[in-house]
Structure formats: structure tokens, C-alpha cells
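Visitor: Heads up: the sequence lines are chains W and R, in that order.
In case it helps, our numbering puts the first sequence at residues 1 to 149.
In case it helps, our numbering puts the second sequence at residues 150 to 257.
Hints in this document: simulated from the structure, not taken from any laboratory.
Heads up, a few of these hints could be off.
Only pairs whose alpha carbons sit at most 25 Å apart, straight line, appear in this in silico SDA-like list of lysine to any residue [what the hints assert, rightly or not]:
id : chain 1 : residue 1 : chain 2 : residue 2
1  : R       : LYS201    : W       : LEU37
2  : R       : LYS207    : W       : TYR80
3  : R       : LYS201    : W       : SER83
4  : R       : LYS158    : W       : THR143
5  : R       : LYS158    : W       : GLU107
6  : R       : LYS229    : W       : PRO66
7  : R       : LYS207    : W       : ALA77
8  : R       : LYS201    : W       : PHE40
9  : R       : LYS207    : W       : ASP130
10 : R       : LYS229    : W       : ASN63
11 : R       : LYS201    : W       : LYS141
12 : W       : LYS141    : R       : LYS187
13 : W       : LYS35     : R       : LYS253
14 : R       : LYS201    : W       : THR143
15 : R       : LYS207    : W       : GLU107
16 : R       : LYS154    : W       : ASN63
17 : R       : LYS158    : W       : ASP54
18 : R       : LYS158    : W       : ILE144
19 : R       : LYS201    : R       : THR235
20 : R       : LYS161    : W       : ALA103
21 : R       : LYS187    : W       : THR143
22 : R       : LYS253    : W       : THR76
23 : R       : LYS185    : W       : ILE144
24 : R       : LYS229    : W       : ARG50
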Amino acid sequence: MTFNRREALAVAAGALAFAVTGARIAWAAAEDTKKALMDFTGGAEPQTGRITLDAPEIAENGNTVPVSVSVESPMTAEDYVESVTILAEGNPSPAVATFHFTAMSGEAAASTRMRLAKTQNVIAVAKMSDGSVFMDTKEVKVTIGGCGG
Amino acid sequence: MAKVKPRVKLPKKAEKGEIVTIKTLISHPMESGQRKDKSGNVIPRQIINSFKCEFNGKPVFACDMDPAISANPYLEFTAKVEESGTFAFTWVDDDGSVYTTEEKITVE
Numbered sequence: 001m002t003f004n005r006r007e008a009l010a011v012a013a014g015a016l017a018f019a020v021t022g023a024r025i026a027w028a029a030a031e032d033t034k035k036a037l038m039d040f041t042g043g044a045e046p047q048t049g050r051i052t053l054d055a056p057e058i059a060e061n062g063n064t065v066p067v068s069v070s071v072e073s074p075m076t077a078e079d080y081v082e083s084v085t086i087l088a089e090g091n092p093s094p095a096v097a098t099f100h101f102t103a104m105s106g107e108a109a110a111s112t113r114m115r116l117a118k119t120q121n122v123i124a125v126a127k128m129s130d131g132s133v134f135m136d137t138k139e140v141k142v143t144i145g146g147c148g149g
Numbered sequence: 150m151a152k153v154k155p156r157v158k159l160p161k162k163a164e165k166g167e168i169v170t171i172k173t174l175i176s177h178p179m180e181s182g183q184r185k186d187k188s189g190n191v192i193p194r195q196i197i198n199s200f201k202c203e204f205n206g207k208p209v210f211a212c213d214m215d216p217a218i219s220a221n222p223y224l225e226f227t228a229k230v231e232e233s234g235t236f237a238f239t240w241v242d243d244d245g246s247v248y249t250t251e252e253k254i255t256v257e
């Protein structure tokens with residue numbers, strides 16, 4: 001496959017744009033969010049998968065945004081999800097809620113409603129009983145913010 | 150403050166080993182501490198900061214809540230029931246108040 005000069009430039013520009021957006025998403029996490037994440041994981045590197053964060057793509061009212069998380073786990077006394085925390089990067093304080101599960105929970109799934117100040121990434125992190133950490137992120141567009149006033 | 154009223158919804162009956170969904174709602178303003186009143190003073194934070202659910206005295210589910218939880222906090226979670234018994238629900242307010250309610254379930 002050969003490119004002429006014009007095509008090569010277009011491909012390069014596309015690649016650059018992709019790299020920039022990717023990096024922006026990766027680094028958008030404010031210092032507070034990173035700190036909150038570190039406090040929760042204890043330094044373990046979060047992996048992807050097993051955890052699903054469900055929130056609307058567009059939230060008209062930032063005062064009540066439904067959010068639910070579920071984690072794949074057998075939920076037995078030996079192997080279960082210890083806790084799941086939800087963080088909102090763009091809020092004045094990133095912590096939203098932390099759920100603590102036990103083997104008696106049956107499933108590691110919970111829902112609640114949260115406030116979002118502006119359009120931002122919402123992060124859910126699950127900590128398993130064996131110490132491994134899983135993470136999922138979702139961007140929620142907020143029409144009217146839910147803080148201050 | 151307006152009266153805080155906890156509400157819980159769960160099935161009355163379940164089969165042994167069934168996973169039931171429990172929905173809870175409690176009326177509470179969840180004042181975030183971010184808002185200002187008309188004269189520009191910050192309204193102090195007052196939220197429900199934790200919730201827990203126990204079944205026959207054993208922990209099932211708990212939640213730490215932060216100011217980013219909406220007013221009238223709603224929580225939905227699951228529990229696996231192996232025997233008849235009582236679910237006890239406890240909410241703790243920033244001012245130290247504790248709100249509780251109980252709900253029975255029968256396993257057939």
C-alpha cells in the first residue's frame with residue numbers, strides 16, 4: 001500500500017487527532033480524582049472488564065442522574081466483590097458513593113441517583129476480595145448542572 | 150427540618166436461595182454544602198452519610214454516601230435469602246440522627 005503526499009498527510013493528521021483525544025481522555029482525571037482512586041485501590045492498577053457502569057449519555061438535569069453498577073462475580077464467601085466506588089471527575093469533590101457488598105448480597109449490583117455539576121466522565125471502580133481492581137468509565141453530558149445555585 | 154421518612158420495597162415472599170431486589174428511598178434534602186443562600190452565605194452541609202442493610206443481624210449491603218448523592222437518596226441492591234427473617238435498614242445523618250426501619254420476608 002502506497003500513499004501519495006496528500007493521503008499521507010491526511011492519515012497523519014487523523015492519527016494525531018486520535019492520539020490527542022485519547023490522551024485528553026486519559027489525562028482529564030483531575031488530581032483529586034486520581035487521589036481518590038489511589039486511596040480506594042491502594043495503588044493496584046485497575047483493569048478493564050467485569051464491571052459495568054450504566055448512566056445516561058445525556059442527563060438533562062444534573063441534580064438527579066440515575067447510575068447503576070454491576071460486577072461479574074460468583075459472590076461466594078471466598079470470591080466476592082468487596083466494594084465499588086463511584087467517582088465524578090468534574091464535581092467539586094469527586095466522591096459520589098461507595099457500595100460495600102457481602103456474600104449475602106447475592107449479586108454485586110446497585111443503583112442510586114447522583115448529582116453532576118457539568119458534562120464529565122464518571123468512573124466506577126470495583127475491588128475484589130482477592131485484591132484485584134476493575135474500572136469502567138462513562139461520559140455523561142449534563143444540560144443543567146446539579147451543584148451550587 | 151422536614152420529617153425524614155424511610156421507605157423500603159422488597160418482596161414479602163421468596164424461594165430459598167432466591168436473589169431479591171431491595172429498593173430504598175428516604176426523604177432528606179442532602180444539603181451538599183456547595184449551595185449559597187440569598188445573602189451569599191454557604192448553606193452548611195447536611196447529608197445522610199451512610200446506609201446499611203442487615204439480615205437477621207448479618208451484614209448484607211452498606212453504602213457510604215457523599216454530597217454528590219441526590220436529594221431523597223435512592224438505593225437499589227440485591228440480597229440472597231436462605232431463610233425467613235427480618236431485614237434491618239439504617240441510615241446515619243451528618244447531625245448524628247439515625248433512621249431505621251425493618252421489613253420481614255418469608256421463605257417458602
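Visitor: To test your reading of the hints: which numbers does this structure violate?
Guide: Hints 4, 10, 11, 12, 13, 14 and 18 are the ones this structure does not satisfy, whereas the remaining hints hold.
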